[in-house]
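**Q** Single-letter residue listing:
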Amino acid sequence: MSALLEVDGLKKRFGGNEAVSGVSFDVHPGECVVVAGDNGAGKSTVIKMISGVYTPTAGEVRFKGEKLTGKSPEAVRAAGLETIYQDLALADNLDPGLNLYLGREKMRRVMGIPVLDRKTMRNDAAAVMKSLGIALPDPSAAVREMSGGQRQAIAIARAIHWKAQLVIMDEPTAALGVPEQREVMALIERLKTQDVGIILISHNLPDIFAAADRIVVLARGRVAGTRMPSETSDEEIVRLMMGASD
Amino acid sequence: MSALLEVDGLKKRFGGNEAVSGVSFDVHPGECVVVAGDNGAGKSTVIKMISGVYTPTAGEVRFKGEKLTGKSPEAVRAAGLETIYQDLALADNLDPGLNLYLGREKMRRVMGIPVLDRKTMRNDAAAVMKSLGIALPDPSAAVREMSGGQRQAIAIARAIHWKAQLVIMDEPTAALGVPEQREVMALIERLKTQDVGIILISHNLPDIFAAADRIVVLARGRVAGTRMPSETSDEEIVRLMMGASD
Amino acid sequence: QDKSSDAQSAKVPKNVQITLIPGLTTDPFYITMNRGAQLAAKALGITVNFQGAEEFDPVLQTPVLDAVIARHPDAILIAPTDTTQLVDPLKRASDAGIPVVTLDTYIGDGKYQDGSGDGDFPLSYIASDNELGGRVAARAMAKRIGDKGKVYVAHLRPGVSTMDQREKGFKEELKQNHPNIEVLPTQYNDNDASRAASQFQAVLARNPDIKGVFGANLFSAIGAANGVAAANKSDDVTVIGFDAPPSIVNDIKSGKIDATIAQHPAEIGYYGVMTAYAILAGQSVPTKIGTGFTVLDSDNVTDDAVQKFIYSE
Amino acid sequence: MANTNGASVLKPLLNAWSWLFLAIILIFFEIYAQTEVGATFLFRVYSIQAILTAASQILLLALGLTLVVVAGHIDLSIAFSSGFAAVVMALVIRLGGMDSGFLIFLAGLAAGIGAGAIVGLVNGWLIAHINVPSFIGTLGTYGIARGAALIVAGGAVVSIQNDSARVFGNGTVAGVPLPAIIAGVLALFCHYVLTHTKFGVHTYALGASRASVERAGVDVKRHLMILFVLSAVTAAAGGLVYTGRFSAGAANAGEPILLYAVAAVFIGGASLTGGQGTIIGTVIGSLIIAVIQFGLVFSGLPPYWQFIAVGLVIIVAVVVDQSRDRFSGSQT
Amino acid sequence: MANTNGASVLKPLLNAWSWLFLAIILIFFEIYAQTEVGATFLFRVYSIQAILTAASQILLLALGLTLVVVAGHIDLSIAFSSGFAAVVMALVIRLGGMDSGFLIFLAGLAAGIGAGAIVGLVNGWLIAHINVPSFIGTLGTYGIARGAALIVAGGAVVSIQNDSARVFGNGTVAGVPLPAIIAGVLALFCHYVLTHTKFGVHTYALGASRASVERAGVDVKRHLMILFVLSAVTAAAGGLVYTGRFSAGAANAGEPILLYAVAAVFIGGASLTGGQGTIIGTVIGSLIIAVIQFGLVFSGLPPYWQFIAVGLVIIVAVVVDQSRDRFSGSQT
Ligand SMILES: Nc1ncnc2c1ncn2[C@@H]1O[C@H](COP(=O)(O)OP(=O)(O)OP(=O)(O)O)[C@@H](O)[C@H]1O
Ligand SMILES: Nc1ncnc2c1ncn2[C@@H]1O[C@H](COP(=O)(O)OP(=O)(O)OP(=O)(O)O)[C@@H](O)[C@H]1O
Ligand SMILES: [Mg+2]
Ligand SMILES: [Mg+2]
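These protein sequence lines are chains A, B, C, D and E, in that order.
So the first sequence is numbered by the numbering used here: it starts at 1 and just counts up by one.
So the second sequence is numbered by the numbering used here: it starts at 1 and just counts up by one.
So the third sequence is numbered by the numbering used here: it starts at 1 and just counts up by one.
So the fourth sequence is numbered by the numbering used here: it starts at 1 and just counts up by one.
So the fifth sequence is numbered by the numbering used here: it starts at 1 and just counts up by one.
The shape of chain A in the complex, shown without the other chains (with noise of 0.2 Å):
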């Protein structure tokens, strides 16, 4: 099977400081490759330059063999990708359905006039939410007032509904609570059965374990190795991340 996506010899400079040099990997269609790096390794670096938030310095990203680099986020989102940012990148002033449907929202007809069809947004958010274990006691309060679990879960529910050939995850269980975290991993396991890549970044070491089928392990910007997780343990990994190099 061909690569999904190709991720090849990335490099991000801001200002004087290389946060990402040279990164390089692939992901397959129903894998899951773990972006596994200390804080400020630059994973989200990374991630940002494949969903086309940010312009690499150099290097390219190819989707089914389509060049990807220097496409705008609505183009990468249109081409089959989804992002959870760890940031969320919610509208704070709008509800879970808005902003779950936020650039592909549902309309409706009264007499003739097509209109937001805010309820069933709310509907299927309340839906979505709740099968990542999470009740909303106000539907249609504004994200701001949810908690940061709440709003998380409103970010991986964004990112799942569509119908994504690959989803990127930075973070996506760091807010979350134990049972909800449990769905998520059995979401990654339901989306990769159907053929969905899935990039997760993750600090959680028995989840990235649970999740992986490649792990890429980050280091001061550059990939310090790239480990089967059969064929890896816990303490490799977290050396890797140190920056022992190969």
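Incorrect hints may appear among the rest.
What the hints assert, rightly or not - Here are the computed lysine-lysine pairs in the DSSO-like style, where the Cα-Cα straight-line distance is at most 27 Å:
#1 A:K130 x B:K192
#2 C:K111 x C:K143
#3 B:K192 x E:K198
#4 E:K198 x E:K221
#5 A:K11 x D:K198
#6 B:K64 x B:K192
Just so you know, these hints were derived from the structure itself, not from any lab.
Mind docking chains B, C, D and E with the ligands on chain A? Use the hints.
**A** Just chains B, C, D and E with the ligands, lined up with the frame of chain A:
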């Protein structure tokens, strides 16, 4: 030893939604009380009522016997309580040094005129961060340019840099890497030996059991149960979180 | 600069550059004044530059004046935005050896070259006295409303000196010679015709027997006239305007405005340039040249004789 | 300021408190009128017409601006896109001769709207593509549109005589002034856009966080272009109404109204930081301003005191709006 | 808009690009003057003095405003706190007789500053304690101060004859106009406050996130009070200089320059959303505005074209500033 902090019948209502009802617990010096609970259980709301961000709808908080309820965040902080907020509450446009010292800036004199001592503050920030295992590529950059974990480390640094008698931590390790998480756990142990009281909120069961002297489980805004870690189990805690009450 | 001394010795000044600084650049009154000035300039073969601020205000006019002084024209014609506040800034022009002639209004006590007062240095002023214009408006009003009833002044903004003078003249004339006319409080519209219209309607709601409005500038007049028309009161309420741009003239023709006091800005501009040229040629000039007013109303507005008093836009 | 207003912004409810406040002002003036003046304040056709017409003139400048402010931007250039449109319309009508008819009037309307749209396009281009902050970008086009209007007019005012234009600005339908109908229809349209379309949701989201909209796959640059064109076009409509009312296209038509238009948007609940505001709020804001201006003149309060009274009422209008939020229980 | 400007705001560096832009404008006008006019534009004491004085008048209104904008607020009332102070000063001086001396002049200064401070206190109270949005609160006091100034003055202008006042507004020290020295000293003070004191740090933090400052234990209400008093007092100083320059306290002293003052702050790098802006930037902004206004009149460009030119220069000034950010590599 008498209680350092007494939380007595706290209640908070947002519009029609009662987020917290009748929550009571004590914290003694040198004790770490973990407040556990599912997403949206009301944990952050409780600690915001303690730290003065929210005024409780009912109930009272006493610190060393004195009433804290109704005081402003500055008064609470002045009384000797430091808080790490889940949303960090950083000033994004300032550097880590200024964030560390925000409200208590260091001054020096130039030709008799008091001016901010930015350099010392910056160096102090870098030092505290280093003790948490985090290196900053550019300590003079605004914190908006920092990674998720770096930002969280600044918020932690800010709370522990001052000699507080009680430190409240709302999911302090959510965005941290593995070694940094271990640093924070060690830090909590250190604070305990210095007779500092601690309220910790966490979703990580191993961490909860490692740090807690007492576990207060919230479910839907109420105390579902209080347990000693030695007398309970993962399963029981999760069961309490899910709403099974005593 | 020696240009001006050259000019003075030669008696027939050459390459003369005069700058005309209006109260503001966007008012038909000053645009017409400039047109008159350009006519004179063409006749004399000299250049008149037009430079001014966007609002009628000393703090905006002064920097313009300063920059003009730096350019050192042979003479400055200025419509000062305040009688006292422009004294010091204009002194700088005079000190720099630039002859100053004021248009439209005076500075200081209005008596130039008599050796007394702060604002004594300008050589001449050419104006239709705004206060007198207000009096003329008052008489026109009194005549049309039968010497009794309620009237008020629609004004743009307190502190616009020429309008304050018109208001003063209007009120004093009524007080002295038409005691049966009651003057209601002045209404300020910030130069918004829409507000002037709604203000008239509010005054009308309060005073159903209102007899007249004096719209002391273009937008005050057309605004008030619009309010009168909207309330269907054109037959009962007299609207007197000030100045004679085509929009006011059109309103006179259509009966919305009853009469307007046309100043003669083209004349002011024309004589201003001529006076400055005479000064540069070493001739003595009168310290005060008055230009008149023409009352335009439906009776004379189509007469050929008054067409020249209609402003350009 | 990181203003955290708890109330959900998107609830397309009428803002009962603001209506109430407007009603209180009206009742206050009516009682005053009945007792002190022995006349009615409000129940007179031409008073209502006058207030509606004045409010329309403010509202037309404030409509598109509301969307711009909800998106977290500002548009100062409406002060002169309005005048530019007015002048262009008047010139086109003049081209057709002084006593021209309906078709040339329509051509004038179209030209005026087109002139406004050009200013909007320039704004949108500067802000969306060159990343100029909207305050500065639109302050720049404020100057440019002002100069352009004056140059095109060859002066400040272009007077016209066209009966269609006159009716457009002064006519009534069933007693309702045409300017109010025009403003009302445009307000309905803008309300529809803001609360019932994708474009409206994205406008709110943009005001809360540009990243949220960009990453959701919305073309933010295009969105901004449309916003600023909309703002310029509604302001242009204000200029056209003005031309019709006064039979004169004035370059300065919108300038004195700018501050009141911005005030109406903010009285209506919008905030400098974006993300909130409604068309209904702006409509009420415009009405409040028009009513107090009318009412204060009516009350015979001395003019200088009117400045103070207007200031006070504006503040009170917002304090009333605030207390609603307080009652509904949200706080920081 | 969630504008993420990458450059660290607190670096107390001179903004080299903006100085460069100012220099380019000056050089441009100088070359024009030398070649077209055959005179120097800049190298004449008189011109420099005139530009400095004009810039000072703008700067005095813009100084305190800069801090307010950095904190994420706005202050429109400076337009009239300035005039209110001017009128009060002139009245006090008048009380001492028309040809009064130095002491009464000092009393006038004190009274004027006090008058400004009162407006500032009202603003601060409204915004800090009643939670009125600053745009509306200060628009309200704009009207109130306007009315108060006109009522106190019993008209628009109170003229005085006081030699100390005249020197205060028109004198020079070593060739530098006193207004420029006053504005310079206040600018230094504000720069010190903004970059070297706790108050300044909290002001920046407040603009980024009110929660960050509140939870850090800063009394935000007190902070806002001080900010608005500072803004009103520097604006009042502008009014006092005006009274000295023109020997007249005018109620409208500040109104026509409000827009320029706000423009100077934004040209200087501030943003509507708060958290950025510097005093140095505002100083450059004021100078740029004064220079182009002077230069365009000097160049003899017809007035209507000047509106366009000013608009263009304002936009270009900011685009230049933007490109600096781009070179330093930050982006969203
Ligand atoms: N916009 C930016 N401007 C400047 N520097 C940046 C910016 N974004 C990130 N950086 C820097 O680049 C480095 C990598 O950041 P990144 O966010 O990719 O780390 P990360 O691996 O995701 O860390 P974490 O686990 O803490 O989220 C950090 O040192 C950070 O300070
Ligand atoms: N400002 C607010 N306005 C309205 N509702 C709020 C507000 N803050 C919190 N809530 C609601 O109160 C409940 C408790 O929220 P809280 O943030 O305390 O949860 P939490 O236990 O901290 O959850 P998490 O683990 O996800 O952080 C949630 O249902 C949330 O939606
Ligand atoms: Mg990250
Ligand atoms: Mg929480």
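**Q** What hint numbers does the structure not satisfy?
**A** 1, 2, 3, 5
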